[in-house]
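So the sequences go chain by chain: A and B.
Numbering-wise, our numbering puts 24 at position 24 of the first sequence, and it's gapless, one number per residue.
Numbering-wise, our numbering puts 250 at position 250 of the second sequence, and it's gapless, one number per residue.
Don't read these hints as lab results, they were simulated from the structure.
Please note that a few of the clues may not be correct.
[To be verified] With a Cα cut of at most 27 Å, we get these calculated BS3-like pairs of lysine-lysine:
{"id": "1", "chain 1": "A", "residue 1": "K25", "chain 2": "B", "residue 2": "K265"}
{"id": "2", "chain 1": "B", "residue 1": "K265", "chain 2": "A", "residue 2": "K52"}
{"id": "3", "chain 1": "B", "residue 1": "K249", "chain 2": "A", "residue 2": "K56"}
{"id": "4", "chain 1": "B", "residue 1": "K102", "chain 2": "B", "residue 2": "K114"}
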Amino acid sequence: MCLAVPAKIVEIKDKVAIVDFGGIKREARLDLLPNVKVGDYVIVHTGFAIEKLDEKQALESLKAWEEIMQVLGE
Amino acid sequence: MLDLKVFENRELAQKVLQAIRREAGRIEREVRLMHVCGTHEDTVTRSGIRSLLPENVKIVSGPGCPVCITPVEDIVKMQEIMRKAREEGEDIILTTFGDMYKIPTPKGSFSDLKSEGYDVRIVYSIYDTYRMAKENPDRLVVHFSPGFETTTAPAAGMLETAVDENLENFKIYSVHRLTPPAVEALVKQGTNFDGLIAPGHVSTIIGVKGWEYITREYGVPQVIAGFEPVDFLMGILLLLRMIRKGEAKIENEYTRAVRYEGNVKAQELIGKFFEVKDAKWRALGVIPESGLELRDEWKELDIQNLYPVDVPKLPDLEKGCLCGAVLRGMALPTDCKLFGKECTPRHPVGPCMVSYEGTCSIFYKYGALF
Ligand code: SF4
Chain A
1 MCLAVPAKIV
11 EIKDKVAIVD
21 FGGIKREARL
31 DLLPNVKVGD
41 YVIVHTGFAI
51 EKLDEKQALE
61 SLKAWEEIMQ
71 VLGE
Chain B
1 MLDLKVFENR
11 ELAQKVLQAI
21 RREAGRIERE
31 VRLMHVCGTH
41 EDTVTRSGIR
51 SLLPENVKIV
61 SGPGCPVCIT
71 PVEDIVKMQE
81 IMRKAREEGE
91 DIILTTFGDM
101 YKIPTPKGSF
111 SDLKSEGYDV
121 RIVYSIYDTY
131 RMAKENPDRL
141 VVHFSPGFET
151 TTAPAAGMLE
161 TAVDENLENF
171 KIYSVHRLTP
181 PAVEALVKQG
191 TNFDGLIAPG
201 HVSTIIGVKG
211 WEYITREYGV
221 PQVIAGFEPV
231 DFLMGILLLL
241 RMIRKGEAKI
251 ENEYTRAVRY
261 EGNVKAQELI
271 GKFFEVKDAK
281 WRALGVIPES
291 GLELRDEWKE
301 LDIQNLYPVD
311 VPKLPDLEKG
321 CLCGAVLRGM
331 ALPTDCKLFG
341 KECTPRHPVG
351 PCMVSYEGTC
361 SIFYKYGALF
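Given only the sequences and the hints, what does the whole structure look like? Please build it.
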């Protein structure tokens with residue numbers, strides 16, 4: 001029940017988006033995330049988009065990890 | 001294209017594991033790290049993380065399964081509401097999630113209620129319930145609504161639309177619970193752990209902010225982590241580093257989804273409809289300020305208000321079931337004599353064997369790895 005998965009918004013109609021989970025399309029409600037647009041990646045939980053996925057942050061955290069591991073390696 | 005595959009990357013996982021081994025080597029004692037999330041347990045067990053960790057690093061699993069901790073009394077009460085309503089000529093459509101549907105109680109499960117001829121339906125989302133209410137204007141449609149913050153937010157969102165549209169035949173029974181108070185209760189009751197891997201998706205709602213007091217008031221180091229193996233390993237590494245240095249901070253590994261403030265809109269909606277109350281957790285007892293009830297001004301949305309029923313106190317667990325200790329992070333399913341014998345997902349004895357977020361069911365599913 002708590003499973004939440006990333007999906008891409010492909011269409012928005014009022015409070016409901018069509019999202020693409022790697023090929024499977026379903027509806028996701030936007031009540032909790034009103035300021036998203038087509039093309040955004042969101043995390044969907046029990047049929048609701050709960051948060052936007054931040055690509056920049058994803059890449060930055062990978063970089064930060066590399067650094068942490070380097071420091072720890074010394 | 002957002003490529004998150006890298007978080008599943010084996011090479012990266014190997015590097016993090018190496019760093020974990022070095023850190024653990026510098027800490028000359030056993031370290032117990034707790035998570036409180038069924039999806040984290042799935043990541044840990046599915047990728048065999050326990051067996052890859054150094055001897056002195058133990059992962060324990062706390063109360064991460066909202067349907068497992070839903071009080072038997074509430075499940076039975078909902079069943080009684082269905083019966084009472086039928087006596088009064090109202091045939092309720094009851095919806096709930098698939099794992100809740102099968103949770104056993106001394107008076108049977110929702111699935112048993114269905115075989116008695118009541119209209120019980122499994123839904124993936126409370127949105128499905130709302131649509132049923134629209135399609136069946138002459139029936140009362142009720143969602144038995146369990147879940148932590150991540151699931152409460154959708155419920156609140158749906159209630160708002162139902163209120164806006166004056167959808168009078170849509171009701172809920174809230175058994176929503178809050179996660180930080182449960183962690184606080186475990187600390188106070190003496191479950192011993194050195195650091196917490198905080199649940200990523202709960203945190204998308206409540207933010208880093210929502211967990212800060214656990215570190216500030218109880219000195220528990222925390223890392224908010226995502227759900228790929230690399231995320232979880234990184235969480236372990238960051239915790240070990242803090243523990244070695246003797247620091248108690250809160251760090252956010254899951255920055256791609258969790259903001260400091262969390263999802264403010266979701267918090268507002270939850271606050272609009274629900275108020276915080278002391279609440280019982282199955283097998284754990286009453287935890288102060290850990291439950292969410294509909295506010296007085298929204299009582300008309302609460303099915304309990306329409307059909308008040310009383311149920312006696314019932315035993316939480318069958319004899320021999322260690323679910324309580326499993327939920328407190330004090331035992332693993334394999335410590336239970338019934339595990340895999342009398343108790344299997346087909347014939348669950350305790351709630352931890354039902355839900356795919358239940359630690360016992362996750363251990364059973366990936367049993368081949370042990
Ligand atoms: S294996 Fe079954 S009986 Fe044992 S603790 Fe888990 S749910 Fe309870």
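Consistency of the hints with the structure:
no. : hint            : in the structure
1   : A:K25 x B:K265  : holds, 25 Å
2   : B:K265 x A:K52  : holds, 13 Å
3   : B:K249 x A:K56  : holds, 24 Å
4   : B:K102 x B:K114 : holds, 11 Å
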